[in-house]
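Novice: Going down the list, the sequences are from chains Z and S. If you count the first sequence from 1, position 193 lands on 192 in numbering that gives the first Met the number 0, and the numbers rise without skipping. If you count the second sequence from 1, position 180 lands on 179 in numbering that gives the first Met the number 0, and the numbers rise without skipping.
It cannot be assumed that every hint is accurate.
25 Å max Cα-Cα, derived SDA-like pairs, lysine to any residue [what the hints assert, rightly or not]: (1) K153(S) <-> S123(Z); (2) K153(S) <-> A102(Z); (3) K181(Z) <-> E73(Z); (4) K153(S) <-> M137(Z); (5) K153(S) <-> K181(Z); (6) K202(Z) <-> G42(Z); (7) K153(S) <-> S134(Z); (8) K153(S) <-> Y129(Z); (9) K118(S) <-> P58(Z); (10) K153(S) <-> P58(Z); (11) K180(Z) <-> E170(Z); (12) K181(Z) <-> Y129(Z); (13) K153(S) <-> S9(Z); (14) K101(S) <-> R85(S); (15) K153(S) <-> K202(Z); (16) K153(S) <-> E170(Z); (17) K153(S) <-> K180(Z).
Simulated from the structure, these hints should not be mistaken for lab results.
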Amino acid sequence: MRRLTVSDLSVTYREASGDVHALGPVSFQVEAGDFLCVLGPTGCGKTTLLRTIAGLETPDTGRVALPAGADGREPVIGYVYQQGALFPWMTVRSNIEFPLRAAGMNRSARREEVETMLGTVGLSAFGDTYPHQLSGGMQQRAALARCLVMRPDLLLMDEPFSSLDARTSQELQNSLRDLWKKASTTVVFVTHNIEEAVYLAEKVVVLGHRPGQIVRRETIQLPDPRSRLSGPFTDYLVSLRQTFESLVLEH
Amino acid sequence: MLWWTLATGGGSDTLLPSPGRVLHVLVHPLQDQISTGSLAWSSLVSLARVVVGFFLAALVGIPLGLVMGASSHARRMLSLVVEMARPLSAIALLPLSIIIFKARTFAQVLGLRHLMYQKNLLNEMQLGMIFILFWGGVFPVILGTMQGVRSVRKIHLEAAGILGAGRLFTFRNVIVPSALPDIFHGLRMGIGRCWMVIIAAEMLPGTNSGIGYLIRYSYQLSRYDIMLASIIIVACIGAVFSRGLEALGEKSLVLRSRER
């Protein structure tokens, strides 16, 4: 099976002050090589959904069927955090090398992979710098590179550009869309930014307020290269904005 | 300094010696003082004791702290022992330690009998003294290391897991480096404690070497110039220890404090 299937997934956090029903139930499928954006307001359980897919949280009900890896091995999952997940005591190069070392790849092969990956994300000149010496946008490029170097079967991204300024965020969206086009990895991208979702995704699901459930499913049919100024782009934007507005009113 | 010079009458003998006389002792570090050895030799004896004792403390304390930080099981078992042992002042243990280890020195343990009546550092390394230095230094090292391991950021552990790192790999490449600033902090506290302990221990009866002994003996002989010179040396060496370890730990500290 090459697609990601999420069925009747529901997550509750057990806390001292009582149970918090954070998510669901939600069901959806992502075809192999597709790009899905999960769009929803703050606190709707988007991150919980992503963490559950990654196996970092345990669902109460429902299940996640991950796409099988190549040659039937365990699927490789990449996870890009909002920020701060790079190891600050390692250079950018060592950070990207980390998963390859963990996998036991030999030194020369590793070096080669890392150099290629640095070039892919536009950080060739920054291999020897430490994360804190880089701008926020470059840090996220490095974090993305550290995931992509594993050649993930499924790439999960948790609002990776939300802490960046608008311009940098757009640059990274452009890069990501290009990278995805080339690599055709399955991506699940979580965001609360409508424009970001419309620019990046092939499919969008909109989650309502906590406990998040899917209130809308949309397929974005826009030709490449996508223009943020085109009429059809704006139509999607307005339409999804209306869904958001109705969510706020309901709330 | 001016006040000191005036108060001591610019050189004539009063209760406190003039700065000039103290300086005179300081600039002749190799001259034998009151037949206990030179200032340099006494400092070297104390230094050697501290280095050996502190080295053992680090050798035991760091692994123990790592284990206690990483495993809650080990922490539960060992923390009670550590909490009971920690407040026991090293100085309080000196008599007991001497009873247990007798007055045995490194030279004796190593079977170097011919050294017994020579002036040799190994003759000055009493096991009992090394033990209390170890005792004084080990707890800050354990606690610092444990603290470091426990304050590893959750996101880094989680990320390591997703990036395919196993437990041992994560321990070596994530937990230890991220705990380094706290480990260095513990080491700094530890060597500071060792240095205080050795000076106090050398001042107790039963010892006849080291800078602490020189302070006490010169006091008894009213040679306050030697006493003050020794105190200045003690302060300087203490500062060098602390600064040295700080410089070593600097890089890891900078990296962590700038983390976003």
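Novice: For every hint, state whether the structure bears it out.
Specialist: Hint by hint, here is what the structure shows:
Pair hint K153(S) plus S123(Z) does not hold up; C-alpha atoms about 29 Å apart against a cutoff of 25 Å. A C-alpha spacing of about 21 Å is found between K153(S) and A102(Z), which places the hinted pair at or below 25 Å, so the restraint holds. Distance check on the hinted pair: K181(Z) and E73(Z) sit about 23 Å apart at the alpha-carbon level, within 25 Å; holds. Between the alpha carbons of K153(S) and M137(Z) the distance comes to roughly 22 Å, so the proposed pair stays at or under 25 Å and holds.
Restraint check: the Cα-Cα separation between K153(S) and K181(Z) comes to about 33 Å, which exceeds 25 Å; the hinted pair is violated. Distance restraint check for K202(Z) and G42(Z): the Cα-Cα separation of roughly 21 Å lies within the 25 Å cut-off, and the hinted pair is therefore satisfied. The hinted pair formed by K153(S) and S134(Z) meets the criterion: a straight-line CA distance of about 23 Å does not exceed 25 Å. For the proposed pair K153(S) and Y129(Z), the alpha carbon gap of about 20 Å is at most 25 Å, so the pair holds.
With a CA separation close to 73 Å, the supplied pair K118(S) and P58(Z) exceeds the 25 Å bound. Taking the CA atoms of K153(S) and P58(Z), the gap is about 20 Å. The hint holds against a cut of 25 Å. Straight-line distance between C-alpha atoms of K180(Z) and E170(Z) comes to about 16 Å, which keeps the hinted pair within the 25 Å bound. For the given pair, K181(Z) sits about 28 Å from Y129(Z) by alpha-carbon distance, which is inconsistent with the 25 Å threshold.
Distance check on the hinted pair: K153(S) and S9(Z) sit about 24 Å apart at the alpha-carbon level, within 25 Å; holds. This hinted pair checks out: K101(S) and R85(S) have alpha carbons roughly 24 Å apart, not beyond 25 Å. Note on K153(S) and K202(Z): the hinted pairing is violated, with a Cα-Cα distance of about 32 Å set against a maximum of 25 Å. For the proposed pair K153(S) and E170(Z), the alpha carbon gap of about 29 Å is over 25 Å, so the pair is violated.
Restraint check: the Cα-Cα separation between K153(S) and K180(Z) comes to about 33 Å, which exceeds 25 Å; the hinted pair is violated.
In this structure, the earlier hints numbered 1, 5, 9, 12, 15, 16 and 17 are contradicted, and the remaining ones agree with it.
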